[in-house]
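So the sequences go chain by chain: Z and F. Residue numbers 1 to 215, in the working numbering, belong to the letters of the first sequence in order. Residue numbers 1001 to 1215, in the working numbering, belong to the letters of the second sequence in order.
Hints are computed from structural coordinates only; laboratory data are not their basis. None of these values were measured; they are calculated from a predicted model. Where is the CB? At the ideal position from N, CA and C, for every residue including glycine. Careful: at least some of the hints might be erroneous.
[Said to hold, decoys possible] For lysine-lysine, the following BS3-like pairs were computed, each having C-alpha atoms within a straight-line distance of at most 25 Å:
no.: 1; chain 1: Z; residue 1: 73; chain 2: F; residue 2: 1193
no.: 2; chain 1: Z; residue 1: 74; chain 2: F; residue 2: 1058
no.: 3; chain 1: Z; residue 1: 156; chain 2: F; residue 2: 1156
no.: 4; chain 1: F; residue 1: 1058; chain 2: Z; residue 2: 57
no.: 5; chain 1: Z; residue 1: 57; chain 2: F; residue 2: 1193
no.: 6; chain 1: Z; residue 1: 193; chain 2: F; residue 2: 1073
no.: 7; chain 1: Z; residue 1: 193; chain 2: Z; residue 2: 13
no.: 8; chain 1: Z; residue 1: 58; chain 2: F; residue 2: 1193
no.: 9; chain 1: F; residue 1: 1193; chain 2: Z; residue 2: 45
no.: 10; chain 1: Z; residue 1: 193; chain 2: F; residue 2: 1013
[Stated by the list, open to error] Beta-carbon label-pair distances, calculated as ranges:
no.: 11; chain 1: Z; residue 1: 83; chain 2: F; residue 2: 1082; range: 30 to 38 Å
no.: 12; chain 1: F; residue 1: 1042; chain 2: Z; residue 2: 209; range: 55 to 63 Å
no.: 13; chain 1: Z; residue 1: 41; chain 2: F; residue 2: 1151; range: 35 to 43 Å
no.: 14; chain 1: Z; residue 1: 208; chain 2: F; residue 2: 1042; range: 31 to 39 Å
no.: 15; chain 1: F; residue 1: 1205; chain 2: Z; residue 2: 184; range: 38 to 46 Å
no.: 16; chain 1: Z; residue 1: 209; chain 2: F; residue 2: 1200; range: 48 to 56 Å
no.: 17; chain 1: Z; residue 1: 133; chain 2: F; residue 2: 1060; range: 48 to 56 Å
no.: 18; chain 1: F; residue 1: 1132; chain 2: Z; residue 2: 184; range: 44 to 52 Å
no.: 19; chain 1: Z; residue 1: 148; chain 2: F; residue 2: 1164; range: 19 to 27 Å
no.: 20; chain 1: Z; residue 1: 42; chain 2: F; residue 2: 1056; range: 42 to 50 Å
no.: 21; chain 1: F; residue 1: 1198; chain 2: Z; residue 2: 151; range: 33 to 41 Å
[Unchecked claim] Over 12 Å on every C-beta distance to chain F, these chain Z residues come out as not near it, computed from the model:
no.: 22; residue: 86
no.: 23; residue: 208
no.: 24; residue: 213
For reference, the chains in residue letters:
Protein chains: 2
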Amino acid sequence: MNILYVFAHQEPKSFNSTLKEAAITSFEKKGYTVRLSDLYAMEFKPVLDRADFLQPKKTDIFNPFLEQMNASKKGTFALDIMNEMEKVKWADMIIFQFPIYFTGMPAIMKGWLDRIFAPGFAFNPVNQNAYETGLLKGKKAMIVISTGAEESWYSKGGQHGDIHELLRYITHCTLEYAGLEVLPSHIVFGAGKMSEERVGEEVRSYVEKLNSIFT
Amino acid sequence: MNILYVFAHQEPKSFNSTLKEAAITSFEKKGYTVRLSDLYAMEFKPVLDRADFLQPKKTDIFNPFLEQMNASKKGTFALDIMNEMEKVKWADMIIFQFPIYFTGMPAIMKGWLDRIFAPGFAFNPVNQNAYETGLLKGKKAMIVISTGAEESWYSKGGQHGDIHELLRYITHCTLEYAGLEVLPSHIVFGAGKMSEERVGEEVRSYVEKLNSIFT
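Just need the whole structure built from these sequences, with the hints factored in.
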């Protein structure tokens, strides 16, 4: 089993980093191969711009969609994109772990998706490759998130609303759109203030969930 | 009327730029003052990291939430953040315009929110300043977006689902959360391929909508 772990937290001593390390250790114990994209540590460039395309199709006007389609066909993305695409192709499963910023990904992870899940690579609207026929079909994905808000805020009738509904733009419109089979999200609520005891419990609970998935 | 126009498209000759220019011209005709944050042109930094904090509260471990709370209190954010916060304070209304990337903001705009709508500035979970008591209360906001997908994909029962439901994580959990009064989103569907005629129609329709709001 090949696992690509895409991770976005700035601090190696954070709860998120502890969770990520525990997951990787548990995968390696099973004999799985894990490759980590630690986005802040890599100083990953999140902005999709002209520099992403080594052989632009048009130089007078920049159309990101056309350039992505062209570079997907010809393999002419900038090196950092090609590297991440190679990891995606290699992976049987992709885990995205991040603290929620405004019920979404931190910009650095959103930029990973904007640049790596390019049309022509992850989906193709021209050939109707999406959802059932998405180009990443056969692979699995899962999001692992922590929230500052308590669970009651993210429940049906809570101030924010049902988090699973709110995250459909990621789980459905992004990951399933690319053909990925999406496993239930792993969510740690109220992660802003946690006792050491609770950190331990959350780590155990996450590793147990991973073990139950990969039996 | 003071309008802050936060804009994210790489190409000055794009449809999005045309739409933005038309809006600004129409505002100026009315005698409103418009300030533009053209994020790609500004080379706006989307990544929230240690460099955002001129006088960090902790140097041994980086906790973004605590640093943002502290810098909001003391006014010690990096200069680019302080500049944008000053524009937000000045504005009666903020317009966010962007092409949808994966039913969300391009990373560069997501990073504007991650860094500018900081706790202690836009909301404050410690003092329960959110929604009705959000710190930007009294101001208005609106999102103006273009989609590659056709409207049928983004309708109830469509492949993606109802776009207004999908965008609630922005309109409700982000903008209303900060206390902003959110106006109905302006959406241009299927913006990938447009005839010159349709571009003209879309520009007229957008300016008319803005005129109907600001009477």
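So which of those numbered hints doesn't the model satisfy? Hints 2, 4, 9, 10, 12, 14, 18, 20 and 21 are the ones this structure does not satisfy, whereas the remaining hints hold.
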